[in-house]
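Asks: Take the sequences, apply the hints, and build the full model.
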Amino acid sequence: MSREADFQTRMEADVTLMATLTGGVFISGELGREGITRTSAPTAFDSNGYLKPCALVRQRALTPDLQVVDQIEQVSSATQVIEIYVYQDSGYTSIDTALDRLYTLFFGYQFSDSFPLEWIGTLNRERDGGALDGASMARQEWLTIEVIGD
Amino acid sequence: MGLKTFHRGLRDVKIASWNGVNSYGTAYDFYGARNMSLTWTVETDQAEGDDVVLDRYSKIIAVTVNIEQAAVDLEAMDMLTGGTLVSNAAYEDLLIEQDDNLPYVAIAGRSASSDGNSDLHIFVPKCKIAGNLDFAAQYGQYSFPAAEFQGVNEGTVNGMLRMRKFTASTALEIPLRTTTGSS
Numbered sequence: 001m002s003r004e005a006d007f008q009t010r011m012e013a014d015v016t017l018m019a020t021l022t023g024g025v026f027i028s029g030e031l032g033r034e035g036i037t038r039t040s041a042p043t044a045f046d047s048n049g050y051l052k053p054c055a056l057v058r059q060r061a062l063t064p065d066l067q068v069v070d071q072i073e074q075v076s077s078a079t080q081v082i083e084i085y086v087y088q089d090s091g092y093t094s095i096d097t098a099l100d101r102l103y104t105l106f107f108g109y110q111f112s113d114s115f116p117l118e119w120i121g122t123l124n125r126e127r128d129g130g131a132l133d134g135a136s137m138a139r140q141e142w143l144t145i146e147v148i149g150d
Numbered sequence: 001m002g003l004k005t006f007h008r009g010l011r012d013v014k015i016a017s018w019n020g021v022n023s024y025g026t027a028y029d030f031y032g033a034r035n036m037s038l039t040w041t042v043e044t045d046q047a048e049g050d051d052v053v054l055d056r057y058s059k060i061i062a063v064t065v066n067i068e069q070a071a072v073d074l075e076a077m078d079m080l081t082g083g084t085l086v087s088n089a090a091y092e093d094l095l096i097e098q099d100d101n102l103p104y105v106a107i108a109g110r111s112a113s114s115d116g117n118s119d120l121h122i123f124v125p126k127c128k129i130a131g132n133l134d135f136a137a138q139y140g141q142y143s144f145p146a147a148e149f150q151g152v153n154e155g156t157v158n159g160m161l162r163m164r165k166f167t168a169s170t171a172l173e174i175p176l177r178t179t180t181g182s183s
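Residue numbers (our numbering), protein chains in the order written: chain A, 1 to 150; chain B, 1 to 183.
Rather than coming from a laboratory, the hints here were simulated on the basis of the structure.
By construction, the Cβ of each residue, glycine as well, lies at the ideal position given by its N, Cα and C atoms.
One should not assume that every hint holds.
[As the list claims (entries may be wrong)] Sample of chain B residues at the chain A side, in silico, Cβ under 10 Å: (1) Phe6; (2) His7; (3) Arg8; (4) Gly9; (5) Arg11; (6) Ala112; (7) Asp115; (8) Ser169.
[To be verified] Coverage of chain A stretches by chain B, computed from C-beta distances (three or more under 8 Å per stretch; other residues unrestricted): (9) 106-117; (10) 140-148.
Replies: In structure tokens form, the structure reads like this:
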């Protein structure tokens with residue numbers, strides 16, 4: 001399972017968060033290059049075609065940090081940034097609610113193969129410049145640190 | 001045996017008053033723990049003769065513990081210094097006087113592992129401030145109270161230092177838990 005899927009699983013299991021993100025949680029590995037669209041994620045839109053509050057999780061590259069290395073055992077520590085994009089059609093009320101809940105869900109949380117997550121930052125009050133064409137957007141970033149091969 | 005795990009960070013530190021061998025007060029959370037570092041104090045000597053070292057004497061005689069906290073917590077300072085803490089709706093007041101005796105306390109810390117399970121717990125059962133207690137308020141900087149302790153041998157139950165590696169995520173307690181989990 002990919003790290004972005006780990007995040008998706010935890011998010012979808014949280015009733016409080018999903019009460020806000022009624023459009024669902026998606027991961028970049030399952031969507032096309034344009035991300036959330038009416039074609040790739042039809043459940044993210046209501047019957048009138050408006051975007052419902054939703055999230056897209058995207059993982060960046062896994063990068064060795066050279067802190068822990070054992071060449072014989074093929075062990076190496078690595079870091080990876082996970083981006084959670086939160087969208088709504090207009091305004092930021094649902095986005096703000098979701099961001100607060102995401103912080104609670106992930107700050108210090110430990111997956112079964114990682115150290116506790118570290119919050120990198122939150123970029124809010126943004127607008128999507130891609131396929132969602134001006135929809136309200138925020139991005140929260142998390143750092144995962146793990147030891148590969150242990 | 002020989003659990004090979006990697007540990008990173010400091011998840012939790014607790015302190016408790018030391019009442020006697022394996023007897024402690026209620027564990028108090030060291031809020032915003034930033035650092036817990038240990039140094040084994042080793043007494044050494046060597047016998048020399050014929051222009052070489054013939055024998056080495058080495059013995060661990062104590063443990064030096066340094067802890068640092070992100071929060072300015074007067075209750076924690078009171079436990080560590082033996083001062084007098086008064087609190088009411090308007091303020092908390094810590095008074096340290098010349099006749100106050102620095103008490104023995106127990107300190108425990110917890111570090112998470114890379115597999116999400118193998119918690120490392122470190123326990124210094126009996127220690128006392130042995131260096132300066134530092135506090136600084138500076139422009140543009142957080143204040144991080146810090147102190148240095150010396151851990152002494154408590155007895156046969158917990159010795160002067162105990163390190164326990166659990167096979168599952170485990171809550172930090174004083175004395176250390178004997179089972180995994182948190183309840």
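Asks: State for each hint whether it applies.
Replies: Here is how each hint holds up against the structure:
Hint on Phe6 (chain B) holds. Least Cβ distance to chain A is approximately 5 Å, under the 10 Å limit. For His7 (chain B), the interface hint holds, since its Cβ comes within 10 Å of a Cβ in chain A; the closest pair sits about 9 Å apart. Because the closest C-beta pair between Arg8 (chain B) and chain A is about 5 Å apart, less than 10 Å, the hint holds. Contact between Gly9 (chain B) and chain A, as hinted, is supported at the beta carbon level, the nearest pair being about 6 Å apart and thus within 10 Å.
Among the interface hints, the one on Arg11 (chain B) holds; its C-beta lies about 7 Å from the nearest C-beta in chain A, closer than the 10 Å criterion. Given the 10 Å rule on beta carbons, the hint for Ala112 (chain B) holds: about 6 Å separates it from the nearest Cβ of chain A. Against a cut-off of 10 Å between C-beta atoms, the interface hint on Asp115 (chain B) holds, since the closest Cβ of chain A lies about 6 Å away. Satisfaction of the interface hint for Ser169 (chain B) is found here, the shortest Cβ-Cβ separation to chain A being roughly 7 Å, below the 10 Å cut-off.
Counting residues of the region 106-117 of chain A whose beta carbon lies closer than 8 Å to any beta carbon of chain B gives 8, which reaches the threshold of three, so the coverage claim holds. A count of 3 residues in the region 140-148 of chain A with a Cβ less than 8 Å from any Cβ of chain B is obtained; the coverage claim is therefore met, three being the minimum.
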